[in-house]
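S.K.: Here's the letter readout for the chains.
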Amino acid sequence: MADEPLKLYASVNEQGSQYKWGMVVDSDRCTGCQACVVACQAENNIPINDENRYVEHRQKEWIRIERYWEGEFPNVKARFLPVMCQHCNNAPCEPVCPVYAIYHSSDGLNVQVYNRCVGTRYCGNNCPYLVRFFNFWDPEWPEPLTAQLNPDVTVRTRGLIEKCTMCVHRIQRAKRESSKDGRKISDGDLSPACVQACPTNALVFGDWNDSNSRINQLAKDQRGYRILDNLGTEPAVVYLKRVDPNLAETKGGGH
Amino acid sequence: MKLRLALVVVPAILLAGFIFFIFTAVPALIASQPYNPSAQPIHFDHEVHVKTVGIECTFCHRTATQGITAGYPDLQQCMFCHAVVNETLASNQHNADEILKVRQKWAAQEAINWVRIHRLPDHVGFVHEPHLRAGFQCATCHGDVGSMGQVKQVRALNMGDCLDCHKGNNPLKLTGPTECATCHK
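Chains as they are written, first to last, in numbering that gives the first Met the number 0: chain L, 0 to 254; chain F, 0 to 184.
FYI, nobody ran anything at the bench for these hints, they're computed from the structure.
Here are the in silico distance ranges between beta carbons for each label pair:
id, chain 1, residue 1, chain 2, residue 2, range
1, L, Thr119, F, Val52, 52 to 58 Å
2, L, Phe135, F, Gly134, 42 to 48 Å
3, L, Trp136, F, Pro40, 35 to 41 Å
4, L, Leu80, F, Asp121, 31 to 37 Å
5, L, Trp136, F, Thr87, 54 to 60 Å
The beta-carbon is built from N, C-alpha and C at its ideal position, and this holds for glycine as well.
Please model the entire structure based on the sequences and the hints provided.
M.R.: Next up, the structure:
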């Protein structure tokens, strides 16, 4: 038993679901264009972040692009890292919720139940990836944009936490469509809004349980790593990044 | 003396009012009250259409079998029949008046603002299609609309009601998924 790492949740296969959703992000392909960010804002009814929101650090971006400088001038490169909810199998946000507003679905998703959330923000404080966002205000859109809200996604009101769902409404839709034909969801049947928008295919979505899925093939790459893996959160998102030996190691943060 | 009396009486009244509120108003607010609007813009009679004429539910609510919502019929769809079935063919004066209203709306190309009866909260994503595919009848949730005349909500349609069915307490003895993300969005 001593060799077994301590686990809060049974692994997804033990729960009997056929899927375990996840993503592979190839940061060598990412150009930092932010198409995924815009697609996510539009898909998930996220209000517009104006300058004040960023100054206050109260902006809501379910997926964001982090920029790092790699190397020292003049031999320097900008690296981009799209960061969304990692849907950890060992999620730090889940056990701290006093009202059980977060649960781990049998598909391996970390699901926020908005109508249970009372906004204690414990989960947001406990998330090492900073991907949980508190609604400090009721969302507002300028007039014509209210007509483009996605009816599949609820509009979150003031006082609750929200985060990336890996487009769970698209997953539910794909499940309905595939069950009509009595088959499993196959690789490539669906993609979240960010994956769909990515022009360089840096983001790939799929099922970890399907050994032939594209993400499983890509994750075999030796460039693969998980961000903040040392925390033991077991993220469902794998990043790929080539270590460039020609670049001198950056001194300091470089963020 | 008067002040002391007031000090007793006023809190007593407030306390009584509070207790009254707790025991009457709060349960009334919590209990899902089936919503019965006083009147629709047009006195559409489901009984005539379903029982007398024999139209299937899905002939008018045509997205129920494929989509998320059952859908209101377009005014154009009313005119499938009412272009021919005009006010002179109505069985009584009341029906003739209502048919005339529909035809006038069509002539003016104005939509009818029906009062919605079955409305779920924004954070609930109920989808008709899988329920009908599983073999449930419209009447399982909506009651016998065909003999209602003016439609009323007959079931609470709150989360307890949904879960009750999803755990197998339904006419077909089927169980449905009970994960939050299945319905909550």
